[in-house]
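Residue numbers (our numbering), protein chains in the order written: chain A, -18 to 507; chain B, -14 to 208.
Please keep in mind that the hints were generated in silico from the structure rather than gathered at the bench.
Idealized CB from N, CA, C, for every residue including glycine.
Keep in mind that a hint or two might mislead.
To be verified - Derived pair list, reagent style DSSO-like, types lysine-lysine, alpha-carbon separation capped at 30 Å:
no. : chain 1 : residue 1 : chain 2 : residue 2
1   : A       : 418       : B       : 69
2   : B       : 69        : A       : 461
3   : B       : 138       : A       : 149
4   : A       : 423       : B       : 69
5   : A       : 183       : B       : 69
To be verified - Stretches of chain B that chain A covers, calculated by requiring three or more beta carbons in the stretch to come under 8 Å of a beta carbon on chain A:
no. : stretch
6   : 58 to 65
7   : 79 to 85
8   : 106 to 115
9   : 161 to 169
As the list claims (entries may be wrong) - Taking CB as the label site, the calculated pair distances span:
no. : chain 1 : residue 1 : chain 2 : residue 2 : range
10  : A       : 160       : B       : 118       : 43 to 51 Å
11  : B       : 57        : A       : 281       : 32 to 40 Å
12  : B       : 95        : A       : 52        : 51 to 59 Å
13  : B       : 179       : A       : 284       : 50 to 58 Å
14  : B       : 179       : A       : 160       : 36 to 44 Å
15  : B       : 57        : A       : 307       : 56 to 64 Å
16  : B       : 123       : A       : 457       : 39 to 47 Å
17  : A       : 264       : B       : 95        : 51 to 59 Å
18  : A       : 307       : B       : 129       : 55 to 63 Å
19  : A       : 4         : B       : 95        : 23 to 31 Å
20  : A       : 481       : B       : 57        : 55 to 63 Å
21  : B       : 127       : A       : 282       : 43 to 51 Å
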Amino acid sequence: MTKGYHCFVLHAHLPYIRHPEKEGYLEERWLFEAITETYLPLIKTMNNLVQDNVPFRLTISISPPLASMLTDNLLQERYLKHLKNLQELAEKEVVRTKYDDHLLMLARMYQQHFQESEELFLGYQKNILNAFKELQYKGVLELITCCATHTFLPLFQDFPETVAAQVKLAVATHRRLIEAHPGGIWLPECGYYEGLDSILAKHDIRYFICDTHGVLFSDPQPKYGSYAPVVSPSGVAAFPRDRESSKQVWSAQEGYPGDVDYREYYRDIGYDLELDYLNPHLPAPGLRVNTGIKYHRITGKSDFKEWYNPGWAKEKAISHAGNFMFNREKQIEYAGSSMDIPPVVVSPYDAELFGHWWFEGPKWLEYYLRKVAYDQQVYRMVTPGEYLSMGHQLQPAQPSPSSWGNQGYNQVWLDDSNSWIYPHLHHFNRQLIGLVKECQPKNHLEVRTLNQAVRELILAQSSDWAFIMKTGTMVEYAHKRTKNHLAWHRRLIEQLEANEIDENFLEGLENTNNIFPDLDYKVYCQ
Amino acid sequence: MFIFMVFLLVVLIGGYFAFRYVEQVRPPSKIAGEPSLNFEFNEEIEPEITTLQRQGELNNVKSQKKTINFAQWEDDPPIYLNIKNPHIHFLLKDPDWIFCYWHWGQETHGEFNQNHGFHAWENSMPVIRYHELDTGNISDIQINDFAHTWYIKVHKRNVHVRLYLGRMLNDSFICLAISNTLKVPFGGVSPNIDPLWRPVAGLMPEGHMDVGGISSSELVGDN
Chain A
-18 MTKGYHCFVL HAHLPYIRHP EKEGYLEERW LFEAITETYL PLIKTMNNLV QDNVPFRLTI
42 SISPPLASML TDNLLQERYL KHLKNLQELA EKEVVRTKYD DHLLMLARMY QQHFQESEEL
102 FLGYQKNILN AFKELQYKGV LELITCCATH TFLPLFQDFP ETVAAQVKLA VATHRRLIEA
162 HPGGIWLPEC GYYEGLDSIL AKHDIRYFIC DTHGVLFSDP QPKYGSYAPV VSPSGVAAFP
222 RDRESSKQVW SAQEGYPGDV DYREYYRDIG YDLELDYLNP HLPAPGLRVN TGIKYHRITG
282 KSDFKEWYNP GWAKEKAISH AGNFMFNREK QIEYAGSSMD IPPVVVSPYD AELFGHWWFE
342 GPKWLEYYLR KVAYDQQVYR MVTPGEYLSM GHQLQPAQPS PSSWGNQGYN QVWLDDSNSW
402 IYPHLHHFNR QLIGLVKECQ PKNHLEVRTL NQAVRELILA QSSDWAFIMK TGTMVEYAHK
462 RTKNHLAWHR RLIEQLEANE IDENFLEGLE NTNNIFPDLD YKVYCQ
Chain B
-14 MFIFMVFLLV VLIGGYFAFR YVEQVRPPSK IAGEPSLNFE FNEEIEPEIT TLQRQGELNN
46 VKSQKKTINF AQWEDDPPIY LNIKNPHIHF LLKDPDWIFC YWHWGQETHG EFNQNHGFHA
106 WENSMPVIRY HELDTGNISD IQINDFAHTW YIKVHKRNVH VRLYLGRMLN DSFICLAISN
166 TLKVPFGGVS PNIDPLWRPV AGLMPEGHMD VGGISSSELV GDN
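Please work from the sequences and hints to get the whole structure.
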């Protein structure tokens, strides 16, 4: 008899990066790597399960920037080119390693992986969003949305028009590209503040995912801890993240991905092999990058790494899947024994963890879902929408302001490295909100200008830039994106107010930053 | 006679095959206008025409080709703020800290001196007044004229807070701008219990609870 449920949620998001003016931006590779290493393997995992009639449920949020990039013709073509380059490199590797049986086996593994990726990609007419839609249509996947440009909403709570615009555009994009209304939303970085639920409710969002303390610190105290959602004052359910299952997968020290037999992320041939050999496959001569071809396993904490053994890794993945299932059984049995409604354990992760950071992740997930279906009877997989449809009486409570960032609130997106952006973002938001309310555009050119001004501003307020500034990775790029979008927004508004619109300049922006083709500036007038 | 007839037959048959052979290798007549299967020959006799034709094709492509206009990315574009009136705004960093920023320019400076006396600005101290709306508590934080942002330690959680930006002149606070109002989170398990939803024993974590922090940046460590 089913005593409870497990809800596995993957959040797929990348910042909107599209440079039609020039090929070879390193940041565009993030998308290409994610498609090859995460999205296609996850699609393959789900297709395998469907083919074998394994009953399972997954929830995936696909952010509007990611959905837009996946359906963009230019980026699709560039991805194919990227894949061809990898295939050529893999072929060279097969030749280079022919005298070492073990390395040859690994080189052939990558060669096959890239070949299968190409077949799968072309099988969906280069638009892998079709794969996710198909799986949703088959009833095994629930697709939910995320804010328009992944803005960290708690830092814009004084601008309800801005927040509403983010949600409205997200819902509209989901409807256009996924051809369905999203029942739920992944709040960027699980960032919640009191009052946000009313905006979500206005757009017919039934639930959101929040961090554990979003519900544990709710007012009043939650009856069921983090084992059931609470219903906010506006009637939107808040599903809290389960810490125990999160740690088992996420933790760098305790989690599965750190196992010594799994593939080592930081030993890539892009940094290990001679430049002369690699140069034809690098974005620029001498510019080393991750290729995705890695031959070492984690081995231990030191720099010494042994060769990767796929058989050992597979055994570990199966074992870890069994362990994860065992722990969920015990957890649900324990919680269910004292609850008068069935508990639901919610395990949300960044999708990119599976396959990109943790190479064996997609296969681990496949093993886990198979085991859940056939090796136990305590719980079954469910989506948040399904759990709500069961009609259990849920406690009304005000979720606590929270996020899943380090230390649980707004610290990651508001510190010395990135706080400088908010005076600018807030000022331009304030100005735009006022302008949209009063402005009556006289012609189509003015409408286009306003639309593009909105586009530039919402691109500037993507939380990715503040996150990158905080983590110190591609800081220069994050600065450049923020400043250019703000400068372009300002210039468009100044031209509009002075009645001197430079159509050439406007057209350039429309061709470069073309996300949300149906965007209407009045979205800022909610 | 017989021999002559045989000879004639052989000649005729041989001539027929010879004719067929010659027809296969003979270059085609341009007058006939039939498409040639001999590409090598075509190239030899029509190079000029081909070049001219190709030039014409190129001209057509060039005239049809539209240059696509893209935005010009700059390394450090100016993003100045044109704010005339003094303004203060704050954000919650966590239950213990808030971050505020403010603007006041030369106009504010000038107006202040006009309203409060010569050199009033220079003789006054910039101050942020921290006001807890729920308790009425007020405290002043001395800032300086070189800063435009400040981190303020929260005095009490679970209250509504507002800030006032001003200057202390002759022990009087002169307010120049009023901020937004935000509620500082409680940041812990709520003391309130709904009698209809009494917490089930054993489902809340005991002791101190770490919040947040498990995300991809933690997983990959110092990347």
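Open item on the list: For a quick check of understanding: which of the numbered hints are violated here, in increasing order?
Closed with: Hints 3, 5, 8, 11, 19, 20 contradicted; others consistent.
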